[in-house]
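**Student:** The primary structure of each chain is shown beneath.
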Amino acid sequence: MAVLPMKRVMILGMKKDRKAILESLQRLQSVEIEKNPAVSADDPVFSCADTSEPRALFDKNATLASNALETLNKYSPEKTSLADSLNGRKVLSKNEYEANVSRRDAILETAKRINQLEKEIVDATAEIPRTETQIEALTPWTKMDLPLDFKGTKKSRAFIGSFPGPMDEATIVSTIEGADPDIAGLDVSVISSSDDITCVMIVCLKKDADAVEEALRRMNFARAPVSSAVPADEIKRLQAHANEERANIEKYKSQIAGYADSRKDLKFIIDYFTMRYEKYEILSKLTLSKRTFILKGWIPAGDTASLEKVMSRFEDCIVEFRDCSESDDSPVLLQNNGFSAPVEGVVENYSLPGRGEIDPTVPVSCFYYILFGMMLSDAGYGLIMALGCGILLSKYKQMEAGLKKSLTMFFYCGLGTMLSGVLFGSYFGDLPTVVAKTFFGIDFTIPCWINPLESPLQMLLLSFCIGIVHLFAGLALLLYTDIKNGKFADALYDVVFWYMLVGGLITYGITQPIVYGIVGLTAPVGNETSAQIGAIVACIGAIGIILTGGRESRNPVKRLLKGLYALYGVTNYLSDLLSYSRLLALGLATSVISQVFNQLASMTAVGTGFIGVILFIVIAVVGHSLNFAINALGAYVHSNRLTFVEFFGKFFNGGGRKFLPFSMNTKYIKVKEEI
Amino acid sequence: MGLAFALLGAASAALFAGIGSAIGTGRAGQAAAGVLTEDPSLFSKVLILQLLPGTQGIYGLLIAFIALSNIGVMGGTAPTSLGQGLAYFFACLPMAGVGLLSAMQQSNAAVACIGLVAKKPDQFGKAMILPAMVETYAILALLISILAINGVAALG
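Here the protein sequences come in this chain order: A and B.
Sequential numbering from 1 applies to the first sequence in this note's numbering.
Sequential numbering from 676 applies to the second sequence in this note's numbering.
Chain B extracted, bound-state conformation:
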């Protein structure tokens, strides 16, 4: 039972953050394609902006992997009690939730910035920073999830 919950945590980190990133890069990709119809030379710039909401999926993968390697699926020891399994589950939650929502919100910023780059390609530097602001919260969630999983694992 404990293992099942721990696995649920790992899976939801990869699942929700992945869904968020998929939606995010998808939206940004549509906007980017629209810009390219007007000016194909902006490809590298809009590509970078499209990729920005994609990192949450990677962070989710990261948490899932750290969790899997601690709960006996890919190494480590399986959680013995229900409580311990739940602890792993909760440790994964920040990444799952924040990953999903921040990727979607970041894609809104990325779409707007793709529009900015279409009109003023020389403002690319600023356009890149605005979506990166949203990502800060995904990074904070990632950090808490990492620390929490490590903490739970250390408790034994």
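With the rest of the complex left out, here is chain A:
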């Protein structure tokens, strides 16, 4: 259990080497770089580099490439399997990396080409409905054998257009002539007529044109869509156009899909430009003089040697280490053994240890696996969990660190679950018993330590005992922290007095019928003497807490009142302890629900022979998968809760800052620094 000691590091180098040095640091991934204090603009020696422009460019290129990758994935979906995501990012050697870097412009061109094609597809896709609307507008005019913009001959005038609603030739003629009796020699031909629209061509003498137009206006005459071609021909042309666009879309799609081989390259340059972006971000944090630069940061004490080795490749580069001082806001990096390290994520979810605090990972891990196990509490489920995680872990060595940690954690949780399943006699609920009874007619019960269904009170007592151990372990860690920091008085006031009070109360309590009765015991634990001792110890603890609980106040009355309030905190211990009853409740939930499914399965299977066996298996598999999923989630959430609220509440505040080394924050590739 350790918070890794950190060192301050300062690197002084020549300005010409700075990019190379930064790249090495980026690949080494063990230095966190601090932003140097701002340099005033009129400083004669030092300045800061403004890198916003190249950064914007890198960002633009990275976005361009990821858009291209997205497009490519749309038209030529990547075949990904679970195995790929388990295998983690692709590892590139330094030579492969350099080779790819030299092709970056070509790759960027490919990306641009893909984006261009995608734009063409979008345009063409928009063009098709537009063409279709035009076709639709022309369809009523199909029978017309003149172009729609036909204006008339030397002596006549033609009006081509439509009326809303159905109409026939006679009505039109009479309406127009009715409007102005001077009009003569009208020729009306209806091209098409439907309920919504009547398309007509009206020819009149040129001299009547104005009068006819006026009459038509009153009849809601609308001019036909303008087109210089004969409608039937125009429709044909438009249809051909739409088909051509459709063909184009397919062509572009297949062209994009043809770039499938560039997927690797696209991924590479996305990461490449992201890395460069980050490097330039760091560059802006450096203090520069005319020919040199200064870089300050933090490094785990254990990595100093490898940093020196990497930096020794550069001439005129000085690396200096010093210990962190109290005032340094040094970042926190945890390091633990293989058994406890997986739980680091849980601790980190809460908060990293603040200044002067210990790393709680090891005690957390010891309890975490047990608590999780008791809440899922089934040997079968535990076996599946442990086996599943174990197989994945051994098969995919390249897995990303975070995923590996979670799987390892669930591996150990699976072991804990198996253990408690054996202790409490649950193997997929009561599956062995049910199978034996349903198919073989044998009656047998699985031996176990406590059967939570038959004696829930005993199980409740066990849960409380685990709770007391957990809470007292938390207090013990507070004791350890206080002693380590030399605060012996605090250790006495905040820990020892509480041990005396709570321990004394429990010792006294279990001799009283009202308390042991609740948890289902029939006889008192201990005798008169132990009750007296318990009571006396509790009283001393209580007095101690009243006297010291408000020790930060100078006013004696205020101090006493605060002390009394601190004593009231004993109710917190009661609620904390009751909180552990969830170990029983969630454990019961798993076993009862699995029994429900087993019973369902056996009821369908009884007396139906071979089909019954299949039904039994189907119901059992589906039921147990459901039960496993929902209860594993519950066990995970509530293990976290017991850790965060009950356990950490006793000693841990957190507030540490995570160590974020300058590294390659990439999605697809990893580059190894050869040291």
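Hints are computed from structural coordinates only; laboratory data are not their basis.
Restraint-style ranges between C-beta atoms, simulated for each label pair: (1) A/Lys79 with B/Met808: 41 to 49 angstroms; (2) A/Glu308 with B/Gly790: 42 to 50 angstroms; (3) A/Phe488 with B/Gly790: 45 to 53 angstroms; (4) A/Ala240 with B/Lys795: 53 to 61 angstroms; (5) A/Leu492 with B/Lys795: 34 to 42 angstroms; (6) B/Gly790 with A/Ser327: 32 to 40 angstroms; (7) B/Met808 with A/Asn95: 52 to 60 angstroms; (8) B/Gly800 with A/Asp443: 43 to 51 angstroms; (9) B/Lys795 with A/Ala436: 50 to 58 angstroms; (10) B/Gly790 with A/Pro54: 31 to 39 angstroms.
For glycine and all other residues, C-beta sits at the position ideal for the given N, C-alpha and C.
Put chain B on the given structure of chain A with help from the hints.
**Tutor:** The following block gives chain B in isolation, referenced to the frame of chain A:
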């Protein structure tokens, strides 16, 4: 008559806790779907948060099953007197009532935490604990109902 009341208890545990969970997961599901429109990669996280108010329904089922297996419907012996039936009914009440209300309240916390995860996905660990706080009371009710049913059954 006794059996009818005992059955009423078992049914209401499954009924009310189930209704609560259905409402709870429904609300949380709406919020989760909203988040997914912005960032589909958060699916697994919001799914877990959506499921949190779903456990009350399971606890209700659990109580109903324990009750059924004690009152002669799925084993055990049927309650002979009205008093005994009523005792079973009251034993089931904590789970029914607390299950209904805590699932609905938990869904409020879950919805808020889904919003939190949408803005800060790295705070998922904390977002998960806040709704779990509400669930504590459902667990306590579950515990009391289990103990009470067992107690009533032991009285004979």
